[in-house]
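Participant: Chain residues, written in single-letter form:
Number of protein chains: 4
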Amino acid sequence: MNMKENSRIEAFSDGVFAIAITLLVLELKVPPVASVRSISDLWNGLVHLWPSYFAFTLSFGILLVSWVNHHYLFNLLEKSSRPFLYANGFLLFTITFMPFPTALLAEYISTDYAKPAIAFYCFGGVINSIGWNIVLHTLYKPQKLIRSEVSLKMVNTIKRSTQIGFLVYSVATIMAFWFPIAALIMNLLLWIVWISLSITTK
Amino acid sequence: MNMKENSRIEAFSDGVFAIAITLLVLELKVPPVASVRSISDLWNGLVHLWPSYFAFTLSFGILLVSWVNHHYLFNLLEKSSRPFLYANGFLLFTITFMPFPTALLAEYISTDYAKPAIAFYCFGGVINSIGWNIVLHTLYKPQKLIRSEVSLKMVNTIKRSTQIGFLVYSVATIMAFWFPIAALIMNLLLWIVWISLSITTK
Amino acid sequence: MNMKENSRIEAFSDGVFAIAITLLVLELKVPPVASVRSISDLWNGLVHLWPSYFAFTLSFGILLVSWVNHHYLFNLLEKSSRPFLYANGFLLFTITFMPFPTALLAEYISTDYAKPAIAFYCFGGVINSIGWNIVLHTLYKPQKLIRSEVSLKMVNTIKRSTQIGFLVYSVATIMAFWFPIAALIMNLLLWIVWISLSITTK
Amino acid sequence: MNMKENSRIEAFSDGVFAIAITLLVLELKVPPVASVRSISDLWNGLVHLWPSYFAFTLSFGILLVSWVNHHYLFNLLEKSSRPFLYANGFLLFTITFMPFPTALLAEYISTDYAKPAIAFYCFGGVINSIGWNIVLHTLYKPQKLIRSEVSLKMVNTIKRSTQIGFLVYSVATIMAFWFPIAALIMNLLLWIVWISLSITTK
Numbered sequence: 000m001n002m003k004e005n006s007r008i009e010a011f012s013d014g015v016f017a018i019a020i021t022l023l024v025l026e027l028k029v030p031p032v033a034s035v036r037s038i039s040d041l042w043n044g045l046v047h048l049w050p051s052y053f054a055f056t057l058s059f060g061i062l063l064v065s066w067v068n069h070h071y072l073f074n075l076l077e078k079s080s081r082p083f084l085y086a087n088g089f090l091l092f093t094i095t096f097m098p099f100p101t102a103l104l105a106e107y108i109s110t111d112y113a114k115p116a117i118a119f120y121c122f123g124g125v126i127n128s129i130g131w132n133i134v135l136h137t138l139y140k141p142q143k144l145i146r147s148e149v150s151l152k153m154v155n156t157i158k159r160s161t162q163i164g165f166l167v168y169s170v171a172t173i174m175a176f177w178f179p180i181a182a183l184i185m186n187l188l189l190w191i192v193w194i195s196l197s198i199t200t201k
Numbered sequence: 000m001n002m003k004e005n006s007r008i009e010a011f012s013d014g015v016f017a018i019a020i021t022l023l024v025l026e027l028k029v030p031p032v033a034s035v036r037s038i039s040d041l042w043n044g045l046v047h048l049w050p051s052y053f054a055f056t057l058s059f060g061i062l063l064v065s066w067v068n069h070h071y072l073f074n075l076l077e078k079s080s081r082p083f084l085y086a087n088g089f090l091l092f093t094i095t096f097m098p099f100p101t102a103l104l105a106e107y108i109s110t111d112y113a114k115p116a117i118a119f120y121c122f123g124g125v126i127n128s129i130g131w132n133i134v135l136h137t138l139y140k141p142q143k144l145i146r147s148e149v150s151l152k153m154v155n156t157i158k159r160s161t162q163i164g165f166l167v168y169s170v171a172t173i174m175a176f177w178f179p180i181a182a183l184i185m186n187l188l189l190w191i192v193w194i195s196l197s198i199t200t201k
Numbered sequence: 000m001n002m003k004e005n006s007r008i009e010a011f012s013d014g015v016f017a018i019a020i021t022l023l024v025l026e027l028k029v030p031p032v033a034s035v036r037s038i039s040d041l042w043n044g045l046v047h048l049w050p051s052y053f054a055f056t057l058s059f060g061i062l063l064v065s066w067v068n069h070h071y072l073f074n075l076l077e078k079s080s081r082p083f084l085y086a087n088g089f090l091l092f093t094i095t096f097m098p099f100p101t102a103l104l105a106e107y108i109s110t111d112y113a114k115p116a117i118a119f120y121c122f123g124g125v126i127n128s129i130g131w132n133i134v135l136h137t138l139y140k141p142q143k144l145i146r147s148e149v150s151l152k153m154v155n156t157i158k159r160s161t162q163i164g165f166l167v168y169s170v171a172t173i174m175a176f177w178f179p180i181a182a183l184i185m186n187l188l189l190w191i192v193w194i195s196l197s198i199t200t201k
Numbered sequence: 000m001n002m003k004e005n006s007r008i009e010a011f012s013d014g015v016f017a018i019a020i021t022l023l024v025l026e027l028k029v030p031p032v033a034s035v036r037s038i039s040d041l042w043n044g045l046v047h048l049w050p051s052y053f054a055f056t057l058s059f060g061i062l063l064v065s066w067v068n069h070h071y072l073f074n075l076l077e078k079s080s081r082p083f084l085y086a087n088g089f090l091l092f093t094i095t096f097m098p099f100p101t102a103l104l105a106e107y108i109s110t111d112y113a114k115p116a117i118a119f120y121c122f123g124g125v126i127n128s129i130g131w132n133i134v135l136h137t138l139y140k141p142q143k144l145i146r147s148e149v150s151l152k153m154v155n156t157i158k159r160s161t162q163i164g165f166l167v168y169s170v171a172t173i174m175a176f177w178f179p180i181a182a183l184i185m186n187l188l189l190w191i192v193w194i195s196l197s198i199t200t201k
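Protein chains in written order, with numbering that gives the first Met the number 0: chain A, 0 to 201; chain B, 0 to 201; chain C, 0 to 201; chain D, 0 to 201.
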């Protein structure tokens, strides 16, 4: 399987990323007319949607960074394999799943029941980082898919950052049971670290 | 009609697959705030969504395997024809339909009325495998679209596995009236068989 | 603007077609659990969805044929222009609109108020065929975009069939006020005529 | 990063534009059967959806023009950079957000509470034009991404029109608090100006 092959997997993956990232907006619900009795009621309604804006923005950022990383990973490949194809499929599964924990977070973050919602949201990150780890594993087994000019050091850097992602999300999931806000902030920090890393490293 | 032609049909098909697979997530409904009175209520609500997680995962798997197969089939072609174009259109029809039986399964699998839902879900598989059989038929009639270097044996293997798919789904549909769980397990097995076949055969 | 230019407009149009055709499935609503008290209730519920299945199938067919035609039209072009770009944009507008009259048809076709729904559905076809007529107009004005080897006779055949589409949909819209079923059958016939024409003419 | 790189960012962006523009139709809600007691009730119901038709058409137009501009901007580039990638990501964020202010506008434009809805809608335009300004900024910093044959005059024209967009949307947002209709007309005019400019300038 050659480069043309990879470009089709890329195109399908791009489609899934683009749709998942756009479906997030469906969680933003217009305040119902029946609940509004004055202009300031509508303003209040729009302001009280802050958990939805926050969840939308956070998940958009995470999916965008994921897409950028996915995109750069494919640049390193020279061929494909069936195990890689299915590993990538599982990764896409964890991507299409994202709108659900996002909606959950938006619904519960401002209530007294935020802990399960935040733990579940972080757990979505755990599953996603498992997906990444499996994909990286199939780059070498059963056959090497990486272009020969790519340095082992670079691949190891990617692998390590994927393992750190798994660790951080796992810790955040557990922390959410006691310190939900701190768990969310860890999510946010991970995202900022990834963007700044990717901007500085090239 | 040449390869460029095929690549546009592929791109359109990839789009439909990517959207259908991503729309599945819309069936996952956040437990409504009004129904939650404690943190453990929300945990229970999330656990009680297992039929939705199950249906989402099953259908995601089926659509992913379908996409992989679609993708490999196109690699065997050297041209296109109008009948093939419409046969592929009908196949896509059966793919875009999938989110509906998936939602039905999620809604009813844990109720006393699971039988019709499971039978209908399996029937979705019957329609889908009819789509595949028609597509394979148009690869030879009215004109041969398959590349000359592809062996007849390979095409026959694909044809046979498509016919088996039709058979298994038909049997599962009928079985669902008496043994709904067994019918579902047949679906699951078919999916696992297809993945392992595809990984080993190339 | 060259061929590469056209291939991007094609890709964007393909995306819009693929999404509009897949969103149709969202109109299929699972019978609510609360309304079901026995297995036969659920079977009845699934059977009573026939207006939705019908509307889904009809609109899928119309959008698929539209995509096939769009796709063949682009094969005739050698360049693009801004007026063509916006004319194509208006055509896509009429395509993205389709899920709405489809949902309307599904909701009302089995009620006593079918006439407005069918008239509105046919009117969707009128708008769509206006879109096609404008696109065809921009193929020659302000500049010729058609490849020089394409015969004038072929272009005139396309133009005439587009004008006939406009006529048939207009008549169907008016007829729907008195003979709604006949108007729907005209829709169906137009679709069958287009498919069989396109299969025989190449 | 080379042209191939850019074509993937383009493909992802095209996907997001195509999905956002097609999701707008989900805001068109079929009048519920329970609210209809006669054929004229249904006609009235369809006519009373005018705010939805208006919002759908306006936002479709804005997104289409944005896509056309995005598309032409990419034609000027010869390479990509990480900051550009993230700036484009933020621009796409403002595009995927559009269905929400559109739904808000549709729900409230015909009520006594139109002012916040229109102000919010115009504010969506402010955010979008900030996105454009950031993208244009990354075309020169930290490195020049524009093809050398593109004249500085052309780039300055684009920059100026982006700054004017920001200004007009900001003024419209503020005006909406007192003269909501005038603010909406400014939106409409901006759109018409952009189309006519783009048709005449090439």
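Each hint should be verified, as a subset may be incorrect.
These stretches of chain C come out as covered by chain B in the derived footprint (C-beta under 8 Å, 3 or more residues) [said to hold, decoys possible]:
1) 64 to 70
2) 98 to 105
Distance windows between CB atoms, simulated [stated by the list, open to error]:
3) ILE180/D <-> VAL192/C: 43 to 51 Å
4) ASN74/C <-> ASP111/D: 37 to 45 Å
5) LEU188/C <-> LEU75/B: 34 to 42 Å
6) VAL192/C <-> LEU75/B: 40 to 48 Å
7) ARG146/D <-> LEU135/B: 42 to 50 Å
8) VAL46/C <-> TYR139/B: 31 to 39 Å
9) VAL192/C <-> VAL149/A: 52 to 60 Å
10) ILE173/B <-> ASP111/D: 57 to 65 Å
11) PRO31/B <-> VAL192/C: 23 to 31 Å
12) THR110/A <-> THR56/B: 22 to 30 Å
The set of hints was computed from the structure by calculation and includes no laboratory data. Don't be surprised by glycine CBs; every beta carbon is placed ideally from N, CA and C.
Participant: So which of those numbered hints doesn't the model satisfy?
Facilitator: Violated: hints 2, 4, 6 and 11.
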